[in-house]
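Can you make the complete structure from the sequences, with help from the hints?
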Amino acid sequence: MESDRIPPIDVLWYEAPNSGNNYFFAVGGCHRWEAHKRLNSDTIRAKLVRTTLNDLKIYFGSSLPNLK
1 MESDRIPPID VLWYEAPNSG NNYFFAVGGC HRWEAHKRLN SDTIRAKLVR TTLNDLKIYF
61 GSSLPNLK
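As numbered in UniProt numbering, residues 1 to 68 make up the sequence shown, in order.
Treat the hints with caution; some may be incorrect.
Quick list of in silico lysine to any residue cross-link-like pairs, SDA-like style, CA-CA up to 20 Å [what the hints assert, rightly or not]:
1) K68 / R50
2) K68 / N18
3) K68 / E2
4) K47 / N18
5) K68 / Y23
6) K37 / K68
7) K47 / C30
8) K47 / H36
9) K68 / L56
10) K47 / D4
11) K47 / K68
12) K37 / I6
13) K68 / N54
14) K68 / S19
15) K47 / V11
16) K68 / L12
17) K57 / P17
18) K37 / N18
19) K57 / S19
20) K47 / W33
21) K47 / R5
22) K37 / D4
23) K68 / C30
24) K47 / S19
25) K68 / E15
26) K37 / N54
27) K47 / F24
28) K47 / H31
Pairwise CB distance ranges (calculated) [unchecked claim]:
29) P7 / N66: 17 to 23 Å
30) K68 / E34: 18 to 24 Å
31) N66 / R45: 25 to 31 Å
Don't read these hints as lab results, they were simulated from the structure. Every residue gets a Cβ at the ideal spot worked out from N, C-alpha and C, and that includes glycine.
Now the structure itself:
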């Protein structure tokens, strides 16, 4: 299989309002990631989904790092 036929991985994107820092969390696509590794892909397509701090807290719970 060619890497361009593999669907993109899902990545949550959060921009901290006070600092402007960008944070990215891969949340879907572990099998797609592994497929790219096996194909020795140089790049992996991703679907960026802008999210909120509240959504990240719901999704990650207490494992969410302190985002500044």
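Hint check:
no.: 1; hint: K68 / R50; verdict: holds (17 Å)
no.: 2; hint: K68 / N18; verdict: holds (8 Å)
no.: 3; hint: K68 / E2; verdict: violated (39 Å)
no.: 4; hint: K47 / N18; verdict: violated (25 Å)
no.: 5; hint: K68 / Y23; verdict: holds (10 Å)
no.: 6; hint: K37 / K68; verdict: violated (31 Å)
no.: 7; hint: K47 / C30; verdict: holds (14 Å)
no.: 8; hint: K47 / H36; verdict: holds (15 Å)
no.: 9; hint: K68 / L56; verdict: holds (14 Å)
no.: 10; hint: K47 / D4; verdict: holds (14 Å)
no.: 11; hint: K47 / K68; verdict: violated (23 Å)
no.: 12; hint: K37 / I6; verdict: holds (12 Å)
no.: 13; hint: K68 / N54; verdict: holds (14 Å)
no.: 14; hint: K68 / S19; verdict: holds (6 Å)
no.: 15; hint: K47 / V11; verdict: holds (6 Å)
no.: 16; hint: K68 / L12; verdict: holds (16 Å)
no.: 17; hint: K57 / P17; verdict: holds (16 Å)
no.: 18; hint: K37 / N18; verdict: violated (36 Å)
no.: 19; hint: K57 / S19; verdict: holds (18 Å)
no.: 20; hint: K47 / W33; verdict: holds (13 Å)
no.: 21; hint: K47 / R5; verdict: holds (14 Å)
no.: 22; hint: K37 / D4; verdict: holds (13 Å)
no.: 23; hint: K68 / C30; verdict: violated (27 Å)
no.: 24; hint: K47 / S19; verdict: violated (24 Å)
no.: 25; hint: K68 / E15; verdict: holds (9 Å)
no.: 26; hint: K37 / N54; verdict: violated (32 Å)
no.: 27; hint: K47 / F24; verdict: holds (11 Å)
no.: 28; hint: K47 / H31; verdict: holds (15 Å)
no.: 29; hint: P7 / N66: 17 to 23 Å; verdict: violated (32 Å)
no.: 30; hint: K68 / E34: 18 to 24 Å; verdict: violated (32 Å)
no.: 31; hint: N66 / R45: 25 to 31 Å; verdict: holds (30 Å)
Of the numbered hints listed earlier, those contradicted by the structure are 3, 4, 6, 11, 18, 23, 24, 26, 29, 30.
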